[in-house]
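Protein chains in written order, with the working numbering: chain G, 20 to 818; chain Y, 1363 to 1539.
Careful, some of the hints might be misleading.
[To be verified] No farther apart than 25 Å at their CA atoms in a straight line, the calculated lysine to aspartate or glutamate pairs in the DMTMM-like style are these:
1) G:Lys28 x Y:Asp1451
2) Y:Lys1382 x G:Asp56
3) G:Lys542 x Y:Asp1451
4) Y:Lys1382 x G:Glu145
5) G:Lys202 x G:Asp159
6) G:Lys681 x Y:Glu1437
7) G:Lys542 x Y:Glu1445
8) G:Lys146 x Y:Glu1379
9) Y:Lys1364 x G:Asp52
10) Y:Lys1382 x G:Asp142
11) G:Lys542 x Y:Glu1455
12) Y:Lys1382 x G:Asp159
13) Y:Lys1364 x G:Asp159
14) G:Lys681 x Y:Glu1485
The hints are simulated quantities; they were obtained by calculation from the structure and are not laboratory data.
Spelled out from the first residue to the last, the chains are:
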Amino acid sequence: MTAHPPRLKFVSSNRRVREDRRFVVGQGRYVADIVVDEMLHVAIVPSQHPAARIVSIDTSQALTMPGVVYALTGEELAKAVDPLMNGLDTPKVRRYPLAVGQVRYAGEWVVAVVAESRAQAEDAIEKVRIEYEPLPYVIDAEEAITAASAKVHPEHGTNVLLDRTFVWGEVDRHFAESPRHLKFQVKWGRNSTVPIETFGVVAKWDPWREMLDVWASIQMPKYPDQISRALRIPANNVRVHHDVDVGGSYGVKRGIKQTVLVSHLSRIIGRPVRLIEDRLENMRAGDAHGPERLFDVEVAFNDRGIVKSMKMRALDNVGAYAGRSPFQLGKPIGAIVGPYKIESVQYRAIATLSNKAAQEAVRGFGQSPTNYAIETAIDKVAGALGLDRIEVRRRNFIRSDEFPYLIPSGTHYDSGDYHTVVDKVLRHADYDALVRERDALRASGMMAGIGIAACLEPSGGNSSFEPLLNEKNTTTTWMDSCRINIDGVGFVTVAIHTTSSGQGHETLAATVVGEVLEIDPDKIRIVRPDSLASLPSNTPVGSRMAIMMGGACYHAAQKLKSKLTQIAAHQFGVAENDAVYAQGNVTDPRSGKTLSWIDLVNIGHRQYHALPPGMDPGLETTHVMQVPTATKLPEDGRVQMYPCHSFEFHLVLVAFDPEIAKPQIRRYVIGHDCGTVINPHIVKGMTLGGIAHGLGATLLEEFVYDDEGQILTQTFMDYLLPSSHEMPDVEIVHHCTPSPFTVFGQKGSGESGYLGAPAAISGAINDAVSSLGISFSRLPIRIAAISDAIAAADKIKKG
Amino acid sequence: MKVSLNVNGRTREAEVEPRKTLLDTLREDLSLVGSHAGCEHGVCGACTILLDGEPVRSCLMFAAQADGYAITTIEGLAPAPGELSVLQDAFCETHGMQCGYCTPGMILAAQALLQRVTEPSREDIVDAISGNICRCTGYGQIVEAIELAAERLRQVNMPRSSANADNAPAAPHGDRS
Chain G
20 MTAHPPRLKF VSSNRRVRED RRFVVGQGRY VADIVVDEML HVAIVPSQHP
70 AARIVSIDTS QALTMPGVVY ALTGEELAKA VDPLMNGLDT PKVRRYPLAV
120 GQVRYAGEWV VAVVAESRAQ AEDAIEKVRI EYEPLPYVID AEEAITAASA
170 KVHPEHGTNV LLDRTFVWGE VDRHFAESPR HLKFQVKWGR NSTVPIETFG
220 VVAKWDPWRE MLDVWASIQM PKYPDQISRA LRIPANNVRV HHDVDVGGSY
270 GVKRGIKQTV LVSHLSRIIG RPVRLIEDRL ENMRAGDAHG PERLFDVEVA
320 FNDRGIVKSM KMRALDNVGA YAGRSPFQLG KPIGAIVGPY KIESVQYRAI
370 ATLSNKAAQE AVRGFGQSPT NYAIETAIDK VAGALGLDRI EVRRRNFIRS
420 DEFPYLIPSG THYDSGDYHT VVDKVLRHAD YDALVRERDA LRASGMMAGI
470 GIAACLEPSG GNSSFEPLLN EKNTTTTWMD SCRINIDGVG FVTVAIHTTS
520 SGQGHETLAA TVVGEVLEID PDKIRIVRPD SLASLPSNTP VGSRMAIMMG
570 GACYHAAQKL KSKLTQIAAH QFGVAENDAV YAQGNVTDPR SGKTLSWIDL
620 VNIGHRQYHA LPPGMDPGLE TTHVMQVPTA TKLPEDGRVQ MYPCHSFEFH
670 LVLVAFDPEI AKPQIRRYVI GHDCGTVINP HIVKGMTLGG IAHGLGATLL
720 EEFVYDDEGQ ILTQTFMDYL LPSSHEMPDV EIVHHCTPSP FTVFGQKGSG
770 ESGYLGAPAA ISGAINDAVS SLGISFSRLP IRIAAISDAI AAADKIKKG
Chain Y
1363 MKVSLNVNGR TREAEVEPRK TLLDTLREDL SLVGSHAGCE HGVCGACTIL
1413 LDGEPVRSCL MFAAQADGYA ITTIEGLAPA PGELSVLQDA FCETHGMQCG
1463 YCTPGMILAA QALLQRVTEP SREDIVDAIS GNICRCTGYG QIVEAIELAA
1513 ERLRQVNMPR SSANADNAPA APHGDRS
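Build the full structure now, drawing on both the sequences and the hints.
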């Protein structure tokens, strides 16, 4: 644990976000802006069938079209590359960038046509002839896990990728001893983060230098490693350029199939190749859909609403390939009891294949669906007892004096003060007045409801779910790094080692280094070396960068400060501890002597003779940071998942006309505690954006498949994203409970808002319709579903 | 075919296929890559440009159709290299973006609003940007940016069209004031 600096000058102050300057003038550098000489373009022939054997492919006509250079099939590609990585130990679920022998979902990529322009490639794909023999397929998850269902990968023998039951604590005894039980089912619909920029990649293989250069709209840990393995080339022949701005990701920008495809094409054609997904390719087959999860939940509780134990079965429909997505059932284990003192849990996690598009990691990595299920349970407990929903939450909350708090599944929560945050929100919102407003709306003939959600944002992004769900995986680190260099003229340059997709990492790094070195962050240059010049990073996943990259920057800066102090102390003839560093200068208080920044730079860069004996010349430090609290592999199905746990409490008033049934959010208040905030602008944006994303998941967004296995929502006209009209004014109530495990007490905030909004908004709608004796148990709750349910309830009432 | 386009106050010529969109032409032939492709079917607004001062989807029109109009792209708003317009600066002040991908279209939509309305209400602002999808911010800090820019522009002691941008054509001011 590191002592916190006494007073923060730059951290937590409302400084501008330095990245913004280039974006407001249209000078971001996105992958589609990168033009490499002689670059070729790809268009894709998609599968029309949810499952079919590929009988034959005829590309001869396409190859005669203007500008066409190559047409690649999966069969040819599979001879030259290895299957893409699976997270679980499922070697017979093979995934290649193009379908090999069989297609497994409608839209799956079958043939890649390469031409001088994208338009020419698109023209040519229409000339590719493919003969299919349709096969049985399965769309529904419950059906997919039955023995009789069609097998997505027959060689795997079953559609089940993962079926693990964990029992943490005395579940049977707690259920037997509890006077009350209830059970229910809820479903989280298949949606995703759907960035406005689709995935794109440019790859250039240079056979003389034996180097693959990659520019991509990427946010993925171990990306160069995966490219190297799939292409069977040394990892130091892969150079990923990190100075590419990513136009939104929130988890999903992990285009490994796209990258392997264009890299291979560049290798065989001998020219750079680019693939920028169009919106159709992205929506139906970018392999970037999010969790689609069915929850069966049972809770045991007493007459006071204290929940003693929970049984949860989570069945996730991960689509046609495995990838990393089944791990999204594992991460929520680190906060499986939410902010509550539930003493025991039985958790069954099932991931099944189906003939839908493959999933990818989505914001929260499975936590938001799980929070939705837990919060629904708490609402139902309150409802069953006729108790106030907030009061039931308060009774079950972990108290502020109980941290660090060990939950049954093995994670210690770091810190929190949930009761205080709730009190602050209720005071800010004037809860009694809000209830009166709801009741007045009801009296006027509107449907109106209040929604409540309390939940955690596990942050710090360790990857302990990997060894927990796959015993062949022995990962216990998910490090991040920073390198700082003071040049010979005295200017500071900080290297960070990943791409960013809007999280403001350059601002974060400059703020932290400026804070420690006590110099103006605006004068610090931030650079992003390519992957071969980079130190280890695991990219911005798991709400980890404030903790991990911020932590690495802090420690590297401390090392640099120490080096400067040692140089001066040597000159003064005193011990390091007796010299005082302040704002770049070092003083010996006893003699009154001071060496200025520029004096120290001069010694460090030019005067080896003046350095302390044994000290290396130059003024450069690095730090590779281990995830706080991560020390060991899982034991007995328990593991410390993430180090830090931010808290959020949502309070929402929703109203709608019973016939039109378009929910309008009249009031949205969120209490947010993510410890020490490094940049308030950035955290605020994350929270508001997270709520918008959660609103979409609750009311609008779903990748819908019909009974024929065809995806119906492929454009922004049918997959609806929240616009400025749908988003309410959100009031944020701040609270700060520092984490004891981080350098400034910071926790993560990259998933804030999103993790509780679906529970809160759906809770408000259910409160609104409760008088009709109905409730909604699947997301999204679209307008038509609400008006239909109200009409049906009215009909029954009128008899 | 040859098209002649008036972009950011300059006449630019390009040789394009008749089917080429204005967006692709701006990006590929004129190297103006600040306009972005998001959905390419007219919903997301990332490709928004101004055509005679009005926001238009450049993905939904052919380059040939833009002949004869004054086109403003995001590259035309900054008054000088390294210097931001009042509106651009306001977006930086409130952090009205994250990834920046929708930002050029968003700023141009706001630019068109502020050309017309000196004291926009929150509803005016929400309406003006409702055709531009931002996936990062939840719009709150974007609305704040436009409110701030409107306020600062009202305090600028010069005619609206020159305070706002170099190239935007003079438009009738002040629906409300």
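Okay, the hints, checked on the actual structure:
1. Using a Cα cut-off of 25 Å, the hinted pair Lys28 of chain G and Asp1451 of chain Y holds, with the two alpha carbons roughly 24 Å apart.
2. Between Lys1382 of chain Y and Asp56 of chain G the alpha-carbon distance is near 21 Å, which keeps this suggested pair within the 25 Å criterion.
3. Annotation: proposed proximity of Lys542 of chain G to Asp1451 of chain Y holds, straight-line Cα distance about 19 Å (limit 25 Å).
4. For the given pair, Lys1382 of chain Y sits about 19 Å from Glu145 of chain G by alpha-carbon distance, which is consistent with the 25 Å threshold.
5. Our distance criterion of 25 Å between C-alpha atoms is met by Lys202 of chain G and Asp159 of chain G, whose separation comes to about 22 Å.
6. With a C-alpha separation of about 39 Å, the suggested pair Lys681 of chain G and Glu1437 of chain Y falls outside the 25 Å cut-off, and the hint is violated.
7. Taken as a hint, the Lys542 of chain G and Glu1445 of chain Y pair is honoured in the structure, with Cα atoms around 18 Å apart against an allowance of 25 Å.
8. Simply put, Lys146 of chain G and Glu1379 of chain Y have alpha-carbon atoms about 21 Å apart, close enough for the 25 Å limit, and the pair holds.
9. Between Lys1364 of chain Y and Asp52 of chain G, the direct Cα distance comes to roughly 23 Å. Compliance with the 25 Å bound is thereby established for this hinted pair.
10. Distance hint between Lys1382 of chain Y and Asp142 of chain G is fulfilled; the C-alpha atoms sit about 13 Å from each other, no more than 25 Å.
11. The straight-line distance between the Cα atoms of Lys542 of chain G and Glu1455 of chain Y is roughly 18 Å, inside the 25 Å bound, and the hint therefore holds.
12. A hinted pair counts as satisfied when its Cα atoms are at most 25 Å apart, and Lys1382 of chain Y with Asp159 of chain G does not qualify at roughly 42 Å.
13. For the hint linking Lys1364 of chain Y to Asp159 of chain G, the alpha-carbon distance of about 53 Å lies beyond 25 Å, and the restraint is violated.
14. In summary, the hint linking Lys681 of chain G to Glu1485 of chain Y is supported, as the alpha carbons are separated by about 18 Å, within the 25 Å threshold.
Comparing the model with each numbered hint stated earlier shows that hints 6, 12 and 13 do not hold.
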